[in-house]
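Undergrad: Given next are the chains, with one letter for each unit.
Protein chains: 2
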Amino acid sequence: MEKGQAAPGLYNPSMEKYHFTYQNIHKTAKSMADRVKASGFDPDVIVAIGSGGFIPARIIRTYLGKPILAVGIAYYDAHDKPTEVPRKVQWIEEAERKLSGKKILLIDEVDDSRATLEYCIRELMSHHPAGIAVAVLHNKDKPKKGSIPEEVALYIAGEELPDVWIVYPWDAQDIDAHDAAAKSR
Amino acid sequence: MEKGQAAPGLYNPSMEKYHFTYQNIHKTAKSMADRVKASGFDPDVIVAIGSGGFIPARIIRTYLGKPILAVGIAYYDAHDKPTEVPRKVQWIEEAERKLSGKKILLIDEVDDSRATLEYCIRELMSHHPAGIAVAVLHNKDKPKKGSIPEEVALYIAGEELPDVWIVYPWDAQDIDAHDAAAKSR
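In order, the protein sequences belong to chains A and B.
Counting in my numbering, the first sequence runs from 1 upward without gaps.
Counting in my numbering, the second sequence runs from 1 upward without gaps.
Do not take every clue at face value.
All copies of an identical chain are treated as equivalent in the list; a pair is satisfied when it fits inside any one copy or across any two copies.
To be verified - 16 Å max Cα-Cα, derived EDC-like pairs, lysine to aspartate or glutamate:
| # | residue 1 | residue 2 |
| --- | --- | --- |
| 1 | Lys144 | Glu84 |
| 2 | Lys27 | Asp176 |
| 3 | Lys66 | Asp77 |
Worth flagging that the hints you see were computed from the coordinates, not collected in a lab.
Please construct the entire structure, taking both the sequences and the accompanying hints into account.
TA: As structure tokens, then:
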């Protein structure tokens with residue numbers, strides 16, 4: 001998702017930061033793919049929620065070998081002002097008509113408020129897929145605004161985390177400094 | 001792009017392999033963003049060619065702060081058989097109508113035969129953008145099947161490489177073994 005975590009400015013600066021390296025993310029994505037395989041849920045297609053879901057989805061594709069469709073959801077408007085309701089930056093158009101009868105693995109980086117996930121799941125469900133599984137790298141233990149609909153066959157979080165400020169490697173201005181911060185934790 | 005490099009099976013097993021770490025890729029993406037900024041080309045939107053372009057596009061977004069639209073191009077059919085001509089796995093539908101008058105930064109991981117790039121550039125041009133720049137992590141020095149249309153304002157390759165077998169970190173089955181192979185080069 002886009003800016004799906006509360007904006008850094010809204011965080012208490014003393015809030016604990018968790019830095020993850022690309023290698024951490026790659027291994028977590030592998031474990032998620034292993035759990036999808038072990039579950040028996042055999043997706044036809046991966047749907048990546050952009051832009052945070054692009055990198056975990058691409059790594060999971062290595063292990064599951066399925067095509068990726070991308071969707072873009074944002075919580076800001078055309079003038080970069082925050083919005084309460086999600087906005088579709090890009091949605092599956094022609095492709096979504098092909099989702100009918102297909103098994104979808106929906107991927108995002110973090111389950112924060114759960115609002116983006118619920119929104120995307122309900123949009124995908126309206127196209128009558130054969131099944132939906134959801135996989136996120138990280139789930140934050142906090143009160144959720146959204147919920148996972150009952151129709152979801154499988155929900156996987158690569159790691160359960162407290163309500164911390166997650167710093168992903170792809171957001172690093174300086175990847176060496178980021179990796180050093182991750183190691184010092 | 002999807003399977004845009006010749007399939008590994010088509011390579012001579014003795015062909016030299018270049019392994020790149022995520023940290024290599026992150027730094028190359030930063031240098032690409034720096035060059036885009038220095039050029040004066042100020043994109044409105046990043047278009048990522050999936051799935052290989054997802055990861056460089058997401059990193060470049062960190063430095064340029066522009067939204068990403070994703071397109072999927074494949075050289076295999078629904079039965080996973082190789083095809084000569086590219087097939088749209090996902091194309092920008094509603095969104096592409098918004099491309100008119102916009103400046104586009106098109107991103108892929110590798111410029112191999114150049115066929116995918118030319119195909120995507122021509123498709124995007126048909127929607128009358130204000131400008132197109134192209135950025136790839138790696139350009140291979142080899143005979144090209146496609147060409148970059150004259151209308152392209154800027155072409156950036158993060159690194160120029162000989163015609164080697166590039167191994168990207170997101171394709172690693174074992175990321176530790178991959179990183180070790182990258183270090184031993």
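Undergrad: Among the hints numbered above, which are violated by the structure, and what are their numbers in rising order?
TA: The structure conflicts with no hint, since it agrees with every one listed earlier.
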